[in-house]
Each structure stands twice: as C-alpha cells, then as structure tokens.
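Read top to bottom, the protein sequences are chains A and B. According to the working numbering, the residues represented by the first sequence are 1 to 320, in order. According to the working numbering, the residues represented by the second sequence are 1001 to 1337, in order.
These are calculated hints, taken from the structure and not from any lab test. This list has only true hints and no planted wrong ones.
Heads up, incomplete: computed chain A residues facing chain B, CB under 10 angstroms, no partners named:
{"id": "1", "residue": "Gly48"}
{"id": "2", "residue": "Gly157"}
{"id": "3", "residue": "Leu185"}
{"id": "4", "residue": "Asp186"}
{"id": "5", "residue": "Lys198"}
{"id": "6", "residue": "Asp214"}
{"id": "7", "residue": "Leu215"}
{"id": "8", "residue": "Leu254"}
{"id": "9", "residue": "Ser256"}
{"id": "10", "residue": "Ala257"}
{"id": "11", "residue": "Pro259"}
{"id": "12", "residue": "Ile261"}
{"id": "13", "residue": "Asn264"}
{"id": "14", "residue": "Arg266"}
{"id": "15", "residue": "His269"}
Keeping only pairs whose Cα atoms sit at most 30 angstroms apart, straight-line, the calculated DSSO-like set for lysine-lysine is:
{"id": "16", "chain 1": "B", "residue 1": "Lys1036", "chain 2": "A", "residue 2": "Lys270"}
{"id": "17", "chain 1": "B", "residue 1": "Lys1005", "chain 2": "A", "residue 2": "Lys270"}
{"id": "18", "chain 1": "A", "residue 1": "Lys270", "chain 2": "B", "residue 2": "Lys1175"}
{"id": "19", "chain 1": "B", "residue 1": "Lys1086", "chain 2": "B", "residue 2": "Lys1011"}
By construction, the Cβ of each residue, glycine as well, lies at the ideal position given by its N, Cα and C atoms.
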Amino acid sequence: MSEFIRIDNLKVHYPIRSGFFNRVTDQVKAVDDVSLVFEEGKTYGLVGESGSGKSTIGKAIIGLEKITSGNIYYEGEEVSKQARNRRSEYRRNVQMIFQDALSSFNPKRRISDILTEPMRNFTNWTPEEERRRSIELLEIVGLTEEALNKYPHEFSGGQRQRIGVARAVAINPKLVIADEPVSALDLSVQAQVLNFMKRIQDEYNISYLFISHDLGVVKHMCDELAIMYRGRFTEYGTRHDIYEEPQHIYTRRLLSAIPQIDPNNREEHKLARLRVEKEYQQNADKYYSEEGRVYDLKEISSTHKVALKDVASLTEGSVR
Amino acid sequence: MENNKILLEVKDLHTGFRIKDSYFDAVDGISFTLSKNEKLAIVGESGCGKSTLATSIVGLHNRLNTRITGEIIYNNENLVEYDETKYNQIRGNDLGMIFQDPLASLNPLMTIEDQIDEALFYHTKLNKKQRQERVLELLDQVGIANPVRMAAQYPHELSGGMRQRVIIAIALACKPPIIIADEPTTALDVTIQAQILDLLNDIQDETESGIILITHDLGVVAETADRVAVMYAGQFVEIAPVELLFNNPKHPYTRSLLRSIPQSNEMVDEDSGELHVIQGVVPPLTRMPRTGCRFAARIPWIPADAHEENPTLHEVEPGHWVRCTCHEHFHFEEEGN
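Isolated chain A (complex conformation) (with noise of 0.2 angstroms):
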C-alpha cells in the first residue's frame, strides 16, 4: 500500500515562563521526537495515559497547535513549514472528528449548512449537488434527509457524533483524525458509531488516525498503533505486537490494568496485574532513562518497534 503522509521527528514543547521578565525557564515536551507513516486505508491508532500528548499529536498533524520542530510531508512535499492555507490540497484531505460532538457544530446552523461548509471550502459544486451530496453522506450514517433542516441540540449523542463523522467525510478526505470519537458515548451507541466508521472506510479507502485511551475499542478499529507516555511512543506495531507480545513494560502495566470481562479468573488477573506492577517498579531503569524519557524506538521485528536502551536488554530478560 502506498504512504502518504509521512512524519518525521514531530515535537512540539510548551515553554514554562516565570521569573523576572517573564523568562522561558523550561519546556513541557507535549510531544517529543516522534515520527509516523500512513498508508492509505489503515487505521492507526494513538493510545496513552491523559497527559500523554496522544490529542497533541493529532492536533499538531490538522494544524491547530504550532509545531517546535519537525516535518510533515504529504505526498512528498512538506507542508508543515509554509502556511498551510485554506484550500491547499493537504487541508482538504486531512479532517477530524472531535470527541465532545456538540461543541464542535455551530447551535445557530442547521445540519445542511454543517455539512455543505466543507465541501464550499473545497468544491465548486451547484447548491443541488451539495444537498445530495449531504442526504448521501446522512444515508451512510443511518439518519435521514428530514435531519437536514434541523440543529445540532435536537440530536442525541450518539446522533451528533455520527454527523461529526459524516461531515469529516464530506470531501472524500485521506485522512481522519478522530480525537476519542466515542468516549463519551454509551455502550450500544459506541458500537454503532464504530460500525459507521467502519464501513465508510471500506467504501472510500479513508485512513483513520484513532487517538483513545480505551484500548478495547482501539483493539477493534486499529491495524498498527503506537503506546505513547509522556510525549514519546513506547511501543509501535501491528494489533497483534502489541496485545499479543507487548515488550515495554508500560504497554505491558497498560494492558494489564484494563479489566477484563472474566469474573471466574478474577484472581489470576489481580496477580498478574500485581507482577507486572512489581517488575515496572524494579526493571524501570531498563526502559526509562535517568530523567525519566523514553528511549528512542528500536526495530525488533519489521513491524515492530519497541523503545528500549538496547535490545540485547530484551532477550536477557524477556519474562512475559
């Protein structure tokens, strides 16, 4: 399959300014040194603790937080440096989904003018070929044509985020960036936006960068994904490296802390969790720098990447 969008040592560092004259005296490192590849059609996802500088990523990839350094190409061009304008191609493509719906739609605009914006931005297309454009993409997220004349409160949650999803489709977009598109929402309507998102991926090839702190949902949408804690990745590969042989001990303490539908082996659980919990507090040295940072991320298999010192370190003591 054919990349993209590449990333290349993305960070973006917050300054601390106190003191006399307002100095910058220090740096929050949201995101630090990552890099990224996205391939038409995949889905990838973005997991971590709060903090951990997974919605900063997503952010700074739409354009909306100021990158430190690091480049962003598109097709091969960088984009990141020279303003992104309005209608530039890279714009067009890229586009997001929010987590809270409803804070991200206008109250005073009805459900048409919500979706026909972007494609005014991006398209010159008559009044008639938007509105059908609009009942097509309602269509595909299960609502009807009589929502267009309506506003965004007179919806449910699961109702605005399905609209979210739809208009973040409206152009045909190659990329989404869907900021936690279901947290918020309960159990049946979360399914049922994953299974809108789902499917409209198979009829456009759209890729889907999916930031969540759920990792039962990430499993369900995500072919590769990245661990990140405090600004840096973990841990990156495909669903199976990382839920089936998970090598940091913090993609292994993260795992191990999700509960699990299993009451009979409840206990085997805790004290798996407990060991695990045990050995990040002793072997933390092992993955975490003196000032706490993560190591930079190093191949182990070609899909694979895990950040660790060496990785002689792992095989010495790869207890799982």
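Take the given structure of chain A and dock chain B to it, following the hints.
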C-alpha cells in the same frame, strides 16, 4: 456469603421528577437488599436512573421537585421519611459517598486535612488532637505515601487519582457500614482505576462494609462486584451473582450489552467484524411506557406475546432474577429462528 447480615433494604422505590406539574418516575419500582461485606454493582447506560437511585438513597435529591415513595430501610427506620436534619446525622456517619468527579466534590479553599476533619468534627466526639491523628491514619489507609505533607495541601495540587483517594478517605472517616460509590473511577486512567478498585477491595476486607458500586463499565463490574443488578429505563431487568450474570446472561438487554463490547481479550488475528448494535433509543422520561416490557420496542422481531403484560422479576435459578418472560423466546435478529 456466610455473613448474610442485611444492612440496607430497598422496597419498591419510586423516584419521580416533576415536569409540568406531573411526576414522572425515573426510578420505577426498585427493590434490593445490601448485605454486610457485599459489593453490589448497579450497571446501566446513561439516563437509566442509576445515579437518581443513589441520590435517593442518600437523600441528596432536590426536595422541591422530586417525589420519593417506597421504603429504604436502614436500622429499622425508613429513610424516605427522613428530613434534612435527620439525614445530616446519618450521611457521612452511616452512609459514605464517593462521587465521580473528585475535584467538584472537594472544596478548593480548604486543605485536605480540614476536609476530612469536617466529617469527624460533625459525627464523632474526638478532640482536635485525636481527629488529627485519625486524618493521618485515613490518608495512610488509602495509600498516600506522605500523609503529613498531603494533609496541608489543597485539592488543585493533587493529581486525579490522589484526589479520588482523598474522597475515599472522607467517605471512610466515620467507618460507615454502607458506602455508595457513583462512578468512582470513570474519570481516571486505567492504571489508576485498577489501584482505586484494589483500594476499595482492601478497605472492604478491613471494614466489612457493604458497597453499592454504580457504573456503566461492565469490565469494572466483572472485576470487582459480588452481585450485579442491570438497570434499564428505571427498572432492574436482571439481578444475579457476578459469575452467573456473565456466564449465563438471560435478559435480552444484558445479552445485547455484553455483545456490543469491543473486547480486548478476543483473539486479535480473527477479523473483527461489526459490533452488535441495539436498535432504537430509550424513550424520554415523559414518554416512557408505564405498562408492558420496556425493552420490547428495541427487539421488534420478538413477537409481542412473548412479553408479559406487567413484567415482574422471575427467579430463573437460585439468586438469579430476570424481568419479563421475553428472555425465554429471545434470539438475536441475525440468528433468525
């Protein structure tokens, strides 16, 4: 459980809200008992009335527009008849509460010590020095490494997990026999969530209190609860010991819910197909059908005569109660019949 001492008994509880001069029951005929050293989980989706149930038990409802009928029996007294003054004596002392958002339930202008001390000041006869000692003891009990330092800090200085520990310390201050935890870990990361749930378990081992755990997360339920009540549209649709509920779910709602979870322990290599979706929506409170099976509208492929006219809870196996008879005829739509 061997120690079957009943702490709290709720009988046919109705909590109605006034909307345009008529009352609509958000909690509609709930009955259950809570025993000593038991963890009862109440699961349901948003709007099913689980938090309303919690606020009704602890008397935190707005008395101007809420109508509560039924019985909540604690220590041979009916809490429904209690007024604010009487409730103030038992809240904190007999009923401990843990809420979802720890920052919103802590006073930003008071130190941690003062906030925990408040409960002790009102409910115990300890003197200042004893109370101070008890505060440090509590902070230590909830796993805080440096209680002396923490006691002098303000809520904004702490992380989310630490704040939730403080809330738990406040709830535990007077050693209440009943603890009601309303979504205690929803706002927390999974690793912190695991720690907090472990902490609740440890505390229960020590104090033998009864815990009502209200949550929407079936994973949390499977990991911690002894008994589970599944709530839908203001009613319990299924009550069972935790193993029975997950191994042998009966009610269509429970079965559908369990099916719609994106499982993290399913085989990764198999193609993850579509998730199960429950058709339709929960009707709003004002348009809730008050007769018949409330879940019927969401499983339209099940013939109407499968449902009871006035669904009641039936005991299908010891300790396992299911509402309505539709579960006997239920199959998923795609499975056909």
